[in-house]
Every structure is written in C-alpha cells, then in structure tokens.
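In order, the protein sequences belong to chains A and B.
Numbered per the numbering used here, the first sequence spans residues 1 to 400.
Numbered per the numbering used here, the second sequence spans residues 1001 to 1262.
Some clues are possibly wrong.
Straight-line Cα separation of at most 25 Å, SDA-like style, residue types lysine to any residue; simulated pairs [what the hints assert, rightly or not]:
hint, chain 1, residue 1, chain 2, residue 2
1, B, K1012, A, K34
2, A, K82, A, S50
3, A, K262, A, D296
4, A, K119, B, P1233
5, A, K119, B, V1153
6, A, K119, B, R1016
7, A, K262, A, D209
8, A, K119, B, L1156
9, A, K34, A, V267
10, A, K34, A, S3
11, B, K1224, A, D73
12, B, K1012, A, D132
13, A, K82, A, H141
14, B, K1012, B, P1100
Chain A is nowhere near these chain B residues, computed Cβ spacing over 12 Å in every case [to be verified]:
hint, residue
15, L1028
16, D1061
17, D1091
18, V1128
19, M1137
20, I1160
21, V1179
22, T1186
23, S1208
24, I1237
25, L1246
26, F1255
These are computed hints drawn from the structure, not numbers from a lab.
Heads up, the beta-carbon is just placed ideally off N, CA and C, and yes, glycines get one too.
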Amino acid sequence: MSSIILEARDIRYRYPRGMEAIGGISFHIRRREKIALVGPNGAGKSTLLSMFNGMIRPDSGIMFFDNQPIQYDNTSLRILRKRVGFVLQNPDRQIIAPTVYQDVAFGPTNLRYTENEVKNAVTLALQQVGLDGFERRPPHHLSSGEKKRVAIAGVLAMDPDMLVFDEPTSGLDPAGSEDIMELLDELNNEGKTVIISTHDVELAYPWADRAILMLKGEILREDIPEVAFGNPEFVRKAHLSIPTLLELHMELEKRGLPLQGKKPRTVLDMMHSIEMMFENTCCHIRPGMITVCNVDQESRDYLSMWLSRQPGISVGAMGTRAKQCAENSQIRLDFTYGVIDKCILKALLGEDSLIMTTESMVQRVNQRVEAYGKESGIHITVSLLEAVIFPDNRGPGGHI
Amino acid sequence: MFEELLEDIAQKNGLREVNTYLKLITGLGAILLCLVSTSYIPPLFIALVLTGAILFLARVDAKTYAELFIVPIWFAVMSVAGIILISGGHDIFWRWDILPSFSLSITRESINQGMFVFFRVIGGMSAVCFISLTTPMTDIFTVFRQCRVPEIVLDLMMIIYRTIFIILDQVLQIYNAQVMRLGYSTWHESIHSFSSLCGAAFIASWNSGEDLIRAMDARCYDGKFAIMGETRPVEYIPLVALCAFLSISFTVVIFSEGITLM
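Work out the full structure, taking the sequences as your base and the hints as a guide.
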C-alpha cells in the first residue's frame, strides 16, 4: 500500500456569520491516487478543496500533508502551495497575466527560479497540456478548453506532488471534458496525486480510484466507485444519479441473468459480462491485432506510409502529444478517449487498430490488454510499430 | 459596444512578428516628422505610406481602419473650420463683420494654415493607428520593462490590462441581459438600467479583485510578475524599410519647406 499524502482529522469549518460548511470530516488520500469528490451544489466540496492548499483554515481539526500537520505561517504555506497545485473552476479567475507565457511563468517566478529555469518549466508545462506555440497569445483570445489548459499549465509549472481540480470539466463540451479527463489520467500516470470535485457521475465513475460522496458538509460514503455509486439510497440522498452502466448491470442482475465478473466500469467490462453469458458464441472470431506506435520515436512519414497500407484500420491517440502528432500528420482519429478499451472492443470484433501514444503510456497499453486477457481468457496481440522497413509487404510488428 | 477591440486586431496583424522597437520607432518618428514639418506635404506623404503599410502589410481590414478615422476627422474638420474663419490674413476671399471688434473671414493664409493643421492631424492619426494596430499591449509591456519603467507600475498595468477584458465581458453580459428584458426601451428605463449596470460592474470588479488575490496567493505570489524576456530579433528587411521610410520622409520635410496649398 502506498503512503498517505493527505489526511484530515475531524475537520470543521463555519463561514463567518454563516452556516456550517464542513462538519467533522476525516479521511485520507494516498500517493498517486485518483480521487473524485462528488456531491450536490453546496455540499462543501469547494470549501474542502480550498483547505488542501491552505486557502481556508479549518476552525477545528488538523490537516496533515505528507504526515506533517499543515502550518499556516507564510513560509510553510508557500511550501505547501508549491506542492499542492490548485486549479479553480473558472479559469478566468485563475489566469492573471496578459499572455499565456507570463501566466504559466507566474508560479515559477515567485518561487525564485532563475530566468532559464522559468523558461524550461513553462515550456515543459505547456507541452504537457498540449499548448506549445501559445506562449504569446493573450488569454482572452483562447477557447474555454484552452483557458482551462493554461490554468492547469500554470499549476504544473510549479511541479506539484498533488493536483486539486475544482469542477475540471464545467463549461466544457463533451469532447473537451473527455480530453481534460485524459489529461488528468496522463498526469496521474506521471506520478501525481489527482483530486477532483464534480457532480458529473458518468465522468467520475470510470475515472476515479476512489469516490467520496459528500452531503451537507459531511462524508456520506467513501469507497471504490462501484460501491459508492452502486447504492441507490446514498445516490438519491446525494442528489446524484447512478451511472448508466452500473444501473444496467443492476437491472440485468435483478432479472436473474447470470452476470459474472466484477461490476462494469467501462463498456468493455459490460461487453465482457454479457459475452460471458453466451460463452459459446463469442470466440469464434479470431481477435484483431492492436499495434502501438510510440510517437516520440516513430517518423511521421513512416507512420503515414504504414497507415496507407492498412486501409480501414481504426486509429486512436492517447495523450496530448500523440493527438498533436496525429493532427500535424493529418491522421484521422477514430478514438480520442478511452482508447485502449475501444481498441480491445475492435479487436474482439476481429478488426485491427493502431494506438498512437507516448513513451510512458506504451507500457500501460500492454498492462491493460494483458489484464483483460487474464480476465477473459481471450488473447489479443499487441505489437509495437517499429521504424524498420520490412522487405516484405506484410508490415512490421514485433512483440513487446 | 466594441465587438472587436483594437487590441484584438493588433494581436493578429501581419506585422506582429516584426521587432517591437522598429514598429515603435516608425510610429514615433512619423509623429515627430509631422510636427517639425512646415508644409502640408510631409504629413500627407507619411499618412499615405503608413496607411499603405497598415492596409497591405499588416492586412488590417480597410473598413475597420476607415471607421477609426471617423471621430478624429470630425474633430479635425470642426477645428479647422474654426481656424479658417478666425485667423486673419491679407488676401481676403470673404469677410463678415459680426461685431465692431470681431469679424469672421476666409483668407488665403487662413486656408493654408487650416489645411496644414488638417493634414498634420491625418498624419499623426495614421502614425498612432500604425502603432496601435501593429503592436499589441503585451509587446509594449516588454519594451517598458526594458526601458526601466518601475516594476510596480508595470505590474499594475499588466493586471489592469488582463482585468479590463474580464470586466468588459461581464459588463457586456449584464448589458445584453438588460436589453433582452427591454431594459433600454424608454428613456426613464435606460437611466435606471444604466445605473444598475454601473453598480453591477462595480461589484463584479470588486469580486474580480478578491479572486485575483486568491489566485495569486494560491500560486505563491511573492511580489513578482513574470514577463516575456525576449523580443523578436531585428530583421534585415524591416530595418531597411524603416530607414528608407524615415530618410525619405525627412527629405520630403526638407524639400517641402514653406510650400503651401494656395
């Protein structure tokens, strides 16, 4: 079990002349966890989040960060805020400076980085969110999705251990929301603890490692999403709705269908459960192959050539840089989120697919497909696209 | 209300990538030459060249550019009319004695003087337009920093610059909401709506201020504001163009000395 990064012990907070916003909360968050704080409006989610980086000091109770009680003097707060990045709901309120570069550089400059270090931090942060080349644009010329990314980059530039997002997808279109959730996944994969508050159950359900349901300043339930969202009583109390997949699964179970395996988090899980019911009919097709392309190594010309030899192949891109690469090479993307699952679904239909992704995520594709293989007993071949020009026309492929 | 601000045009103009100093020197030099010239020709020449640059190099929409001139030209025409009527001269075309000690007249000298002022206004306007349409504020901040403008002034300018757009946006939303509910249908209603718009704008800016402090604190604000360190390099062609423009204009100033319209 990984170590605890944040802990709250019986936190209480009352707004001046107001009602009690937080009434006795205790919980802990482990390193590298993905936590969704879910609850209706006015449940105290934002107030609680503001305590994570010391913006609000609880009236009673102690917050621990990295096993140290949070101190509220200026020096300690600075250190805390460097380590806990906070992204506000409204990017317009977070973006201070007249250009993207200056805004992202704000944190590092105040942390007394040298000019070169600032520049490197900014370049890296903008790359991470996929906004290279936006340095000199003024924020009011950006779309809301881009503004959100600038706000995230501004926090990333300080290289925090923990990222706190208040309603990361509010005001974004569905594709934009999925993009941001992908980005959060990517950041988590790079080793950051990510906490979001949201009331979008469908978005939080497949994403989170753990969900914390809040109501009226108290924790209603804290568990893995299947359990937290699976209890109709709690979900009703918290003014939420049961995720569609979970509801479907529950309804099928009520009808006495022999669903096996765990509760579904994704369409793939659901398909798996259903196919298990008709075991004899599913596996007569030879599963398709998934090819992984590491965009950091592959030359674009080679990729385009390879694709032209594979008509009808589905292409998915995972991660910001891979998506950019696809855009630059004018590759039409079939999937931009939930890519691995969708490619496995394709493979189950006997179709081949290509996943464009970056170095760090290649291993993840493998793990996910392997895990699925173990669970379902269906072996899907994953191969890495390599820039060796093969003499025969069959195309390259080597097992990882 | 302004839908597209000058700043927005400047952010997208064709000369955006040219070194900021070159653009500023072009504009300021043009204004200076307009002021030292004694004839109407150099301002006219400068106005034509800069208008050409704005329309064809910076690719600013001609209609937008023309609209910018409406207000100043109107002012110029009014004051030039005043100058022509009031300032006297020897070669009188028309004269009207209103009072024993005061008369209006149109003379050759007054027409020359009036047209000289008029073209100076046009020349100066086009120079100012050239700067404001090709150089966004964000680039000028960098220049200010290099010119050692005190940091606190500069920080304030940048925060104000950023906040203007946020508050303008909010004001526009409130205004639209009022218009949709017929807030400006009668005169009485307009006064009422406008006052509540002002109140709401004040509250909005107050809130933005508090948000700003919170946002800055959350990112370890320590009295420092980052600034783009670099400007675009001075390139050969723009530099030559600038030198050519200034030297030709200067020559025009010298050779046109004393030339008048009539």
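> What are the numbers of the hints that this structure violates, sorted from low to high?
Replying inline: 1, 3, 13, 14, 19, 20, 23
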